[in-house]
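Enquirer: Protein chains in written order, with my numbering: chain A, 131 to 245; chain B, 610 to 723.
Quick caveat, the hints were computed from the structure, so don't treat them as lab data.
Honestly, I wouldn't trust all of these hints.
Unchecked claim - The following residues of chain B were derived to be distant from chain A, with all beta-carbon distances above 12 Å:
| hint | residue |
| --- | --- |
| 1 | E625 |
| 2 | N632 |
| 3 | S634 |
| 4 | S637 |
| 5 | H643 |
| 6 | Q651 |
| 7 | R677 |
| 8 | K678 |
| 9 | I683 |
| 10 | G714 |
| 11 | G716 |
Said to hold, decoys possible - Pairs of lysine to aspartate or glutamate, EDC-like flavour, derived with a Cα cap of 16 Å:
| hint | chain 1 | residue 1 | chain 2 | residue 2 |
| --- | --- | --- | --- | --- |
| 12 | A | K185 | A | E199 |
| 13 | A | K143 | A | E199 |
| 14 | A | K185 | A | E160 |
| 15 | A | K133 | B | E654 |
| 16 | B | K612 | A | D189 |
| 17 | A | K201 | A | D181 |
Computed from a predicted structure; not experimentally measured.
Beta carbons are placed, not taken as given, at the ideal position from N, Cα and C, and that holds for glycine.
One-letter residues, chain by chain:
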Amino acid sequence: DVKVTQSSRYLVKRTGEKVFLECVQDMDHENMFWYRQDPGLGLRLIYFSYDVKMKEKGDIPEGYSVSREKKERFSLILESASTNQTSMYLCASSLLGAGLANEQYFGPGTRLTVT
Amino acid sequence: DAKTTQPNSMESNEEEPVHLPCNHSTISGTDYIHWYRQLPSQGPEYVIHGLTSNVNNRMASLAIAEDRKSSTLILHRATLRDAAVYYCILRDVKVNFGNEKLTFGTGTRLTIIP
Chain A
131 DVKVTQSSRY
141 LVKRTGEKVF
151 LECVQDMDHE
161 NMFWYRQDPG
171 LGLRLIYFSY
181 DVKMKEKGDI
191 PEGYSVSREK
201 KERFSLILES
211 ASTNQTSMYL
221 CASSLLGAGL
231 ANEQYFGPGT
241 RLTVT
Chain B
610 DAKTTQPNSM
620 ESNEEEPVHL
630 PCNHSTISGT
640 DYIHWYRQLP
650 SQGPEYVIHG
660 LTSNVNNRMA
670 SLAIAEDRKS
680 STLILHRATL
690 RDAAVYYCIL
700 RDVKVNFGNE
710 KLTFGTGTRL
720 TIIP
């Protein structure tokens with residue numbers, strides 16, 4: 131089974147702290163994605179990556195950065211956490227150019243609270 | 610990106626079929642219709658996808674209108690474990706290489722009544 135793991139299920143940070151959210155997948159997928167999910171807004175794409183050291187902005191990249199130094203690992207970085215970044219963060223991965231399904235596999239999510 | 614419209618919520622009785630509608634009137638010829646669902650406290654999971662013909666798999670069936678402006682996800686016999694948010698998503702397979710993202714809406718929250 132494909133497995134996408136995220137470093138924490140729950141995280142509490144203070145305003146201004148630097149926050150790292152880690153995601154690891156074990157299926158040798160080229161694509162990796164970071165989303166945030168907020169009530170009434172659905173899932174929104176923050177950043178994605180289709181190869182090591184490659185990154186592309188999603189729909190809401192402001193206030194975030196990412197790092198992909200190894201194929202299996204995709205990190206989301208909040209340089210200076212703010213209260214409006216309190217949210218559920220979801221990581222996903224998929225094969226590159228897998229055809230029509232290109233099924234995305236999601237991790238369990240990290241609920242981040244910034245106080 | 611072409612948009613989809615789904616009802617915010619639906620209810621269904623346990624062990625009965627469920628029909629979840631999705632409108633996508635601006636669908637293009639290269640858009641595939643994907644469905645994902647999100648169970649409580651979990652990340653979304655793939656359910657099914659299709660282009661023009663109806664599709665079946667172990668989880669569900671997908672019925673696509675002849676003009677492709679709408680589709681329906683069918684759960685043949687709902688169980689309590691099917692209670693989830695269901696997302697209908699269009700994916701253009703003509704997109705640039707390396708840009709295989711999905712755009713999720715807010716989905717339909719399905720409640721199963723015992």
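Enquirer: The structure should be examined with respect to each hint, and the outcome stated for every one.
Expert: Now for the hints, and whether the structure bears them out:
No Cβ of chain A comes within 12 Å of the Cβ of B/E625; the nearest lies about 27 Å off, and the non-interface call holds. In this structure B/N632 is separated from chain A by more than 12 Å, as the shortest Cβ-Cβ distance comes to about 16 Å. For B/S634, the requirement that its beta carbon stay farther than 12 Å from each beta carbon of chain A is met, with the minimum near 20 Å. The Cβ of B/S637 lies farther than 12 Å from every Cβ of chain A, with a closest approach of about 15 Å, so its non-interface assignment holds.
At roughly 8 Å from the closest C-beta of chain A, the C-beta of B/H643 falls inside 12 Å, breaking its exclusion from the interface. Annotated as non-interface, B/Q651 brings its C-beta within 12 Å of a C-beta of chain A; the closest such distance is 6 Å. Remark: the non-interface label on B/R677 is consistent with the geometry, its nearest Cβ contact in chain A lying 15 Å away (cut-off 12 Å). Every C-beta of chain A lies more than 12 Å from that of B/K678, the closest at about 20 Å, which supports listing it as non-interface.
For B/I683, the condition that its CB be more than 12 Å from all CB atoms of chain A holds, with the nearest at approximately 19 Å. Non-interface call for B/G714 relative to chain A: violated, since the shortest CB-CB distance, roughly 5 Å, does not exceed 12 Å. Against chain A, the non-interface label of B/G716 is violated: not every CB pair exceeds 12 Å, the least being about 7 Å. The straight-line distance between the Cα atoms of A/K185 and A/E199 is roughly 11 Å, inside the 16 Å bound, and the hint therefore holds.
Only pairs whose Cα atoms come within 16 Å are accepted, and A/K143 paired with A/E199 is rejected, the gap being roughly 25 Å. A C-alpha spacing of about 12 Å is found between A/K185 and A/E160, which places the hinted pair at or below 16 Å, so the restraint holds. A C-alpha spacing of about 12 Å is found between A/K133 and B/E654, which places the hinted pair at or below 16 Å, so the restraint holds. The straight-line distance between the Cα atoms of B/K612 and A/D189 is roughly 15 Å, inside the 16 Å bound, and the hint therefore holds.
For the proposed pair A/K201 and A/D181, the alpha carbon gap of about 7 Å is at most 16 Å, so the pair holds.
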